[in-house]
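Asker: Generate coordinates for the entire structure from the input sequences, incorporating the hints supplied.
Protein chains: 2
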Amino acid sequence: MAKLGVREKIVAAASERFHALGYNACGVQEIVDAAGVPKGSFYNYFKAKELLACEVLNTYWADAGLEILADTSVAPLERLRRHFQHIASRYKKFGFERGCLVSKFMHEVSDSTPVLWKELRKQVGRWTALVAEAIREGQGDRTISNSIDAEATARFLIESWGGVTGAMKLAASRGPIDDFFSVAFGPLLQPGSPTPRKRKARV
Amino acid sequence: MAKLGVREKIVAAASERFHALGYNACGVQEIVDAAGVPKGSFYNYFKAKELLACEVLNTYWADAGLEILADTSVAPLERLRRHFQHIASRYKKFGFERGCLVSKFMHEVSDSTPVLWKELRKQVGRWTALVAEAIREGQGDRTISNSIDAEATARFLIESWGGVTGAMKLAASRGPIDDFFSVAFGPLLQPGSPTPRKRKARV
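Line by line, the protein sequences give chains A and B.
The first sequence begins at 94 in our numbering and counts up by one.
The second sequence begins at 94 in our numbering and counts up by one.
Hints are supplied without guarantee of correctness; some may be wrong.
Chain copies aren't distinguished; within one or between two, either way the pair holds.
[Unchecked claim] Below, simulated SDA-like cross-link-like pairs (lysine to any residue); rule was C-alpha separation at most 20 Å, straight line:
(1) Lys-215 - Ser-203
(2) Lys-132 - Ser-275
(3) Lys-211 - Trp-154
(4) Lys-142 - Asn-117
(5) Lys-211 - Glu-109
(6) Lys-186 - Arg-219
Derived by calculation from the structure, the hints in this document are not laboratory data.
These numbers come from a predicted model, not from an experiment.
Answerer: Laid out in structure tokens, this is it:
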């Protein structure tokens, strides 16, 4: 494997440290210590922690399985499932205790770090558009219910996912992700779909 | 109005500062400065920032409208709506830019602050139980659909809410809350319910 350059070492260390600690609790010193590079060299590559965080976000998204959403060889509903399952599989290696980097940043930072904030908005917007497109495609071929609003449902799937990952972190378990699939995916299904959703209610 | 004691001043200032900055970015110095009390006096009242954060959480929950959920004089579905609308109304005064204190803490802290972490788990568990109870009651009197699993739906409503508040903060708008009501509440409705949910799909 090729040896990492200083820049790559910084990005790799920051990706791990930001995910573990969040944006505010992770300073430049923490990152250069983890990367094993002198602090002085940091500023040769990044003018500010905020700009490094944007690059870390891009690295994080690169493995978010967005290409799964766009793979038209797979039925739209199945693509949506595989996409979110792919993200969930990334949390498993941390025992579900780390949550999602994007949601962490969303809760922690604000427009006082305007470059990072704008990047977050842009990326969440792109993600939402891909999910909405898959829903509309499923509605077009009647594999996804036409009684839902594709745009509102796409937004809500993504909005809710951020909370699901926080709850997963709190519970240190996959349970909230299972709730997401059983509850949030329910309205997408065509009536009479075989997927089990009903359980006897306690009255 | 009675003059606040030092302890109350610290709790009030911490409530505002934690909500604005999050747990990690808000230190004891920030809190005592905002409270206008000497730093030395802080430790007469709180052994650690973590214990103050637990008290702040309790203050936050005291105005979360949990009593609305338990008010059996109102129909269960309406109670659920009023409860979440009550929480949403608290965000409005900050232009929807602050998010939810509970979700912020959930994403930022971990079991490295075990007292706060345990408190968060306990409070979220109590909240979930109240929401599940309202859903079961609505299923009992047939005002809420019996095709949903009351427990999973209650968990998901609360899990998703944490993401909705993050998205609201990112968008600086109420939009994600409206998505929550139109999408997440959909499965609770009885089939044929007059609440508008359907919009013409783009095919």
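Asker: Could you run down the list of hints and mark each one as holding or not?
Answerer: We went through each hint and held it up to the structure:
Taking the closest pair of Cα atoms, Lys-215 and Ser-203 come within 20 Å of each other only inside a single copy of the chain (14 Å); across copies the shortest separation is 28 Å, beyond that limit. For a Cα distance limit of 20 Å, the shortest separation of Lys-132 from Ser-275 qualifies neither inside one copy, at 47 Å, nor across copies, at 50 Å. In this assembly of identical chains, the alpha carbons of Lys-211 and Trp-154 lie at most 20 Å apart only when taken from the same copy (15 Å versus 31 Å across copies). In the homo-oligomer, the alpha carbons of Lys-142 and Asn-117 lie at most 20 Å apart both inside one protomer (10 Å) and across protomers (16 Å), since each shortest distance falls under that limit.
Within a single copy, Lys-211 and Glu-109 get their C-alpha atoms no closer than 22 Å, and across copies no closer than 25 Å, so neither meets the 20 Å cut-off. In this homomeric assembly, Lys-186 and Arg-219 never come within 20 Å of each other (Cα to Cα): the closest approach is 26 Å inside a single copy and 29 Å across copies.
Of the numbered hints stated above, those contradicted by the structure are hints 2, 5, 6, listed in ascending order.
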